[in-house]
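2 protein chains.
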Amino acid sequence: MAKTRWLTAPEQRAWRAYLEATTLLFDALDRQLQRDSGMPHAYYEILVRLSEADSRSMRMSELADVTRSSRSRLSHAVARLEERGWLKRIDCQTDKRGQIATLTDAGFAALEEAAPGHVETVRQFLIDRLTPEQVAQLEQIGSIVVAGLETPECEKARAADRARQPVEAVPDITPATASA
Amino acid sequence: MAKTRWLTAPEQRAWRAYLEATTLLFDALDRQLQRDSGMPHAYYEILVRLSEADSRSMRMSELADVTRSSRSRLSHAVARLEERGWLKRIDCQTDKRGQIATLTDAGFAALEEAAPGHVETVRQFLIDRLTPEQVAQLEQIGSIVVAGLETPECEKARAADRARQPVEAVPDITPATASA
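Chains A and B are the protein sequences, given in the same order.
Each step along the first sequence adds one to the number in my numbering, with nothing skipped, and position 128 is 250.
Each step along the second sequence adds one to the number in my numbering, with nothing skipped, and position 157 is 279.
It cannot be assumed that every hint is accurate.
Chain copies aren't distinguished; within one or between two, either way the pair holds.
[What the hints assert, rightly or not] The calculated DMTMM-like cross-link candidates involving lysine to aspartate or glutamate, where the alpha carbons are at most 20 Å apart (straight line), are:
(1) 125 to 167
(2) 125 to 174
(3) 210 to 158
(4) 125 to 242
(5) 278 to 250
(6) 278 to 184
(7) 210 to 184
(8) 278 to 152
(9) 210 to 187
(10) 210 to 167
(11) 278 to 142
(12) 210 to 255
(13) 125 to 250
(14) 125 to 227
(15) 210 to 277
(16) 125 to 235
(17) 210 to 234
These aren't lab readings, by the way, just hints derived from the structure by calculation.
Next comes chain A alone, as it looks inside the complex (with noise of 0.2 Å):
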């Protein structure tokens, strides 16, 4: 096997870095959006791909694709967006593999109450702490990093991953989070 490439001083630095910050960051945006909208921000991102499509429909299998999301993962965030009233599933005319998720007016203006208050953190947090610059440099750089993740080697195996993943492995952090 070959000799381990250690990361060097900065590169260390710099991994740690974007590791501690990505984690806090998240973390606080989970944290906003549960207490002044009840959900998760893997949640939001559902309503929010939802809201830019055509019809406000999306098939689940694409619905998982863009938010990266495993299936079963999908499955019980969708389960609860519907039990909110905020989606609807409707199974799909032409495929009969397919289910189509849409959001409903009740979705739609529950991601208009929670989006203003969600920007404001994702500034807070983040883009107004950097100078224009340092915005095109996360841009240039996240970029290259999905460059090299989307290749069709990763694609089959998150496609396998993603079919792998069992539903009694999603957690149910919702009313953990957002009654207490």
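Based on the hints, put chain B in the right spot on chain A.
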């Protein structure tokens, strides 16, 4: 209420690229560690932190802080790591409330075995794709974000949040992705 300052187009692009890159990257890191070492990235981080501590030991509360975990999530992870014989918990002599987690020799060996593959993955999908300038930019951006989230107010919110999360909310993702 003040008018919402929506993200500008460049800010939106940066935020989306960062969000997507992060989701894909942590997905890939988890997948590699599960496949090759039978542990999710969160467990790896716990082993790393213990390996770097004096006597390879930390109080549970301290470990929760540095890994940015909720107490319950950490307790769950630590219990599973203990089952594998990778760490042990002992009651703290000087603090009745505290428990101390210690990395065992077997845990250190597991970490040593997992590290090369993990570092290679961090290189493959992040570090090696960036120029040295971009690595420096990432460190700077990450450090700015961390500094903004390490304020006393944020610490207080996190502490309250940690205390609130019940054990039931913690997913058991290890067997699902490792054994299927």
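Practice problem: With 20 Å as the alpha-carbon cut-off, assign the pair residue 278 and residue 184 to within, between, both or neither. | Solution: Cα proximity of residue 278 and residue 184: one copy only (15 Å, versus 39 Å across).
Practice problem: Indicate which option fits the pair residue 210, residue 277 if close means a Cα-Cα distance not exceeding 20 Å: within, between, both or neither. | Solution: Answer is neither; intra-copy 28 Å and inter-copy 38 Å both fail.
Quiz prompt | Status of residue 184 relative to residue 210 across identical chains (alpha carbons, at most 20 Å) | solution = The answer is within: 16 Å in one copy meets 20 Å, while 44 Å across copies does not.
Quiz prompt | Up to 20 Å CA-CA - residue 255 versus residue 210, copy category | solution = Classified as neither: same-chain Cα gap 42 Å, cross-chain 47 Å, threshold 20 Å.
Practice problem: Using 20 Å as the alpha carbon limit, work out where residue 125 and residue 174 are close: within a copy, between copies, both or neither. | Solution: Result: close neither inside a copy nor across copies, 47 Å intra and 22 Å inter.
Exercise. Pop the pair residue 125 and residue 250 into one bin, within, between, both or neither, using alpha-carbon distances up to 20 Å.
Key: between (42 Å within a copy, 16 Å between copies)
Quiz item: Should residue 210 paired with residue 158 be assigned to within, between, both, or neither, using CA atoms and 20 Å as the limit?
Solution: So residue 210 and residue 158 fail the 20 Å test inside a copy (23 Å) and across (39 Å) alike.
Exercise. Evaluate residue 278 and residue 142 at a C-alpha cut-off of 20 Å and name the case that applies: within, between, both or neither.
Key: Between copies only: 17 Å across chains, 29 Å inside a chain, cut-off 20 Å.
Practice problem: Measure nothing new, just compare the shortest in-copy and cross-copy C-alpha distances for residue 210 and residue 167 to 20 Å and report within, between, both or neither. | Solution: Result: close within a single copy only, 16 Å intra versus 39 Å inter.
Quiz prompt | Alpha-carbon proximity between residue 125 and residue 227, which holds within one copy, between copies, both or neither at 20 Å | solution = neither (57 Å within a copy, 23 Å between copies)
Exercise. Measure nothing new, just compare the shortest in-copy and cross-copy C-alpha distances for residue 125 and residue 242 to 20 Å and report within, between, both or neither.
Key: between (46 Å within a copy, 10 Å between copies)
Self-check item: Up to 20 Å CA-CA - residue 167 versus residue 125, copy category
Solution: So residue 125 and residue 167 fail the 20 Å test inside a copy (41 Å) and across (22 Å) alike.
In summary, the numbered hints that this structure violates are 1, 2, 3, 5, 12, 14 and 15.
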